[in-house]
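Construct all of the structure, not just a fragment, from the sequences and the given hints.
These protein sequences, in sequence, are chains P and C. The numbering used here puts the first residue of the first sequence at 1, with every later residue one more than the last. The numbering used here puts the first residue of the second sequence at 1, with every later residue one more than the last.
Among chain C residues calculated to face chain P with C-beta under 7 Å, some are:
id	residue
1	Met51
2	Pro75
3	Arg78
4	Arg79
5	Arg89
6	Leu91
7	Leu102
8	Pro103
9	Val106
10	Gly108
11	Ser110
Okay, the calculated bits of chain P under chain C, using three or more residues with CB under 8 Å as the criterion:
id	segment
12	53–63
13	347–357
Taking CB as the label site, the calculated pair distances span:
id	chain 1	residue 1	chain 2	residue 2	range
14	C	Gln181	P	Thr67	40 to 46 Å
15	C	Gly70	P	His224	49 to 55 Å
16	C	Gly70	P	Tyr58	20 to 26 Å
Because the hints were derived from the structure by calculation, they are not lab data. The model shown is predicted, which means the values in this text are computed figures rather than measured ones. The C-beta atom is built at its ideal place from N, Cα and C for all residues, glycine as well.
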Amino acid sequence: MPLKQGASRVAPSGASRKEPARQKTSAKSSGRTASRREADTKGAVLQRTGLGDRWQAYLAHHRASATDSWQRLLRSPLQSLMTALVMAIALALPATLLVSLNNVQQLGAAWDSGPRVTLFLNVAAREAAIDKLQQQLEAELAVASVTYISADQALADFERESGMGSALRSLDTNPLPPALVVTPQPLVSVTQLQQLAEKARQSAVVDDVLYDQAWIKRLYQILHIGERLVLGLGVLLIVGVLLVIGNTIRLAIENRRDEIVIIKLVGGTDAFVRRPFLYTGLWYGLAGGVLAWLLLTLGLAGLSGPVSELASLYQSDFRLQGLGFTASLGLLALAALVGWLGAWLTVGRQLRQINPE
Amino acid sequence: MIRFDQVSKRYPGGHEALNRLSFELADGELAFLTGHSGAGKSTLLKLIMLMERASQGQVWVNGQNLSRLGNRHIPALRRQVGVVFQNHRLLFDRSVYDNVALPLLVEGYSPTDAARRVRAALDKVGLLGKEKHNPVLLSGGEQQRVGIARAVVNKPPLLLADEPTGNLDPQLSAEIMTLFQQFNSVGVTVLIASHDIALIRRLKQRVLGLSKGQLVHDGVLRDAAKAGS
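As C-alpha cells, then:
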C-alpha cells in the first residue's frame, strides 16, 4: 500500500526499528510463503529445495564443473598442453634427481653387507698370540665369525683388486699388515661393536681398529645433503608451478567475467563460482603430473641400457630403479594438489575484484 | 517488502547519489521509479540487491536489515530478488533454456524440478518454443523476455527491473509492462525503474519520482510535469 511521502519520511522510533529484526525469520517465512502461494499459478509444487535435492545438486554441479573444465581445456589443446608441459618439466626435474638419489642409495645398500670390524695386527706379532686373540674373539657372544688374513694374502688381494701390484712389488718389504676381520652377529648394536673393538684394541698384537662401514656412513651423509638440495629445488619449482597455474587461471577468469557477474547477481555463492576454476587447476596439475611421469619413465628407459652395461663392467647386476607404483601415484597426487592450490590461491583474490556493476 | 529509512549513498569521489531517502513498498505492490539519468534510480536498485551498500540510513528488504547483512548472506538475499536488466545480461555461450535455468542451478534444484520451472517461466513470457535457441538469434524484445523469465524462474517475492523497455518500441514495451503486471497480480512485489513517462502514465500505478537523490513525487502520476522534474 502506498504511503504518503511525509509519513514515510518520519524516522521510525527505536522500537519499530528493532521489531523487524526480531521478527525477521517469521516475517520472512510467512511473507514469502504467502507471496509464493499466490505467485504459484502454474501448479508447480510449492517448496524450497530440500536437503537431499541440494546434496544431489551439489554433487551434480561438481560433476558438471569437472567435465566442463576438462572440455574447456580440450577446446584449446595447444595452449593447455603448453601449460601442462611447463608443469611437467618443473615436476620432472626434482623427481628425476630424487630417483637418481634413490638409485645411488640402493647401490650403497648393496655394498653394505653388514658392519664389519677389521683389526690390523702388529707385523711382528707371533702366530700363537694371533691364534689366541682369534679364539678369544670367537668366544664373544656378539661375534659370528673371525677371519684371519695374513700379510701375504692381503698383498695378493690388493694386487688383484687394485691393479697396482707392480708398484707394490717394487718395494722391498710387504707394507700391508696381517689382519683379523670380525663379522658380528646380525642385529648387534653399534655400542656392543664399539665395546668389542675397544677390548680388542687393548690387546698387544692389535695396532689399529677400523670400522669399514665408515665410508658407507659418509655416502649416506652425502646422499642426505643431496636430498636436502632436491627438496629445496623442488619447493622452488613448485612455487614456480603455482605462479604458472595462477596466471593461467587468472586469464580463464577474465574470459568468463560476464558469466561470473551474472551468477553472482542471481545469488550464486563464491564456492559455486570458484568450483569450475578449481577443477581447471586440478586438471592442469593432473595433466602436468602425467606428462612428468612420462618424461621420467622415458628418460629412465633411455638410461637403463647404458647403466646396466656399466654395471656389468663392474661385475654388478645393478639395475636402474624407476618410480614405483606408490611413488608414481604420489607424483600424480602432488601434481593435482599443486594445480588445485594454484587455482585456489588465485581465484579467491580474483573473484573479490569481480563484482556486478 | 522494501523500506528505505533516511538512506544516503555517497560514492568515493564525493558524488552523492541518494540523499536521506525514505519510502516504503508494501508486499504485493507495483511501483515505478522515475527520474532523469543520474537521479539515483540505479543506485536505489543496487542498494536493494546489495550491489552497493548505503553510506547512511537503513535499507530493509523482505524483513532483513541489509546494513546488518554480512557479505556471506548476499547470495541468499539475491535469490529472493529477481532482476531484469536494460541490456538483458544474457550469456551467449549457452541456450535460452540454460540462461533461464541459471538461478535454479545456483540454488540447487533437481534437474526435473528445474526443467518444469524453466518451461513454466518460458511459457509465461511466450518463448516456450525457443528454449534450445541461442539468445543471440532472438530479437531485442525476445531477449528481454528471456531476461524476465530468468528473473522470475525461482519465484522470488520481489522483482526489480532497470529500464526494461529501454531499447524497445512502444508496442513491445507495452507487452513487457503487461507481463510485469501479470506477475504483480499473483502477488509478486514489483519495482520498475523507467523514464518512459507516457507508458507509465497510461498504467495508472504508483510512481516514485527521484531527483538529485531525493524523493520528489510519490503517488499515481496525473500530471506529466511532476514526475522526475
